[in-house]
Structure formats: C-alpha cells, structure tokens
Amino acid sequence: MKSKLKILSAIIFFLWIIGFFFFELGFIVHLALVAATIVLILGVVYEK
82 MKSKLKILSA IIFFLWIIGF FFFELGFIVH LALVAATIVL ILGVVYEK
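Residue numbers (the working numbering): 82 to 129.
It is worth saying that the hints were derived from the structure and are not from the lab.
Worth double-checking, as some hints may not be accurate.
[Claimed, not checked] Using C-beta positions, here's what the derived DEER-type ranges look like:
| # | residue 1 | residue 2 | range |
| --- | --- | --- | --- |
| 1 | TYR127 | GLY107 | 16 to 22 Å |
| 2 | ILE92 | TYR127 | 17 to 23 Å |
| 3 | ILE109 | LYS83 | 26 to 32 Å |
| 4 | PHE94 | TYR127 | 18 to 24 Å |
| 5 | LEU123 | PHE95 | 15 to 21 Å |
| 6 | ILE88 | VAL126 | 15 to 21 Å |
| 7 | SER84 | PHE108 | 28 to 34 Å |
| 8 | LYS83 | LEU112 | 26 to 32 Å |
| 9 | VAL126 | PHE102 | 26 to 32 Å |
| 10 | LYS83 | GLY107 | 31 to 37 Å |
| 11 | ILE99 | VAL120 | 15 to 21 Å |
Glycine residues also receive a C-beta, built at the ideal position from the N, C-alpha and C atoms.
Produce the complete structure using the sequences and hints provided.
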C-alpha cells in the first residue's frame, strides 16, 4: 500500500507541475488536482 501511495503522490506532483505551466488548462483540471491531493493526504493520514 505504501508503494502505491508513493506512485500516486508522484503522479499528482507531476500533474501539479503540468497544471502550473499550462495554467490555461482550466478550472476543472485544477479542481481535480485539488481533490486528488486531498484524497492523497487523507490516505497518508489513515495509513498511520
């Protein structure tokens, strides 16, 4: 499970970078990124 979280966080981090450079991507993409980040943080919290 830990490795899965690590992969997921790497993907989300990569998406944040893409979203930062392509800011015109739109609101929906950034909302999805925020939601994914919140899910990831909750996953890390519940792992402990």
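To see whether the hints hold, each was checked on the structure:
Distance hint check: the CB atoms of TYR127 and GLY107 are about 31 Å apart, inconsistent with the given range 16 to 22 Å. The hint said 17 to 23 Å for the Cβ distance between ILE92 and TYR127, and at roughly 19 Å that hint holds. A hinted range of 26 to 32 Å for the beta carbons of ILE109 and LYS83 is consistent with their spacing of about 30 Å. Checked against the hint of 18 to 24 Å, the C-beta distance between PHE94 and TYR127 comes to roughly 20 Å, which is consistent with it.
Between LEU123 and PHE95 the C-beta distance comes to about 20 Å, which sits within the given range of 15 to 21 Å. With their beta carbons about 18 Å apart, ILE88 and VAL126 fall inside the hinted range of 15 to 21 Å. At about 32 Å, the CB distance of SER84 to PHE108 agrees with the hint of 28 to 34 Å. The beta-carbon spacing between LYS83 and LEU112, approximately 27 Å, falls within the hinted interval of 26 to 32 Å.
Roughly 29 Å separates the CB atoms of VAL126 and PHE102, a value that falls within the hinted 26 to 32 Å. Hint check: LYS83 to GLY107, Cβ distance near 33 Å, so the stated range 31 to 37 Å holds. Separated by about 18 Å at the C-beta atoms, ILE99 and VAL120 satisfy the suggested range of 15 to 21 Å.
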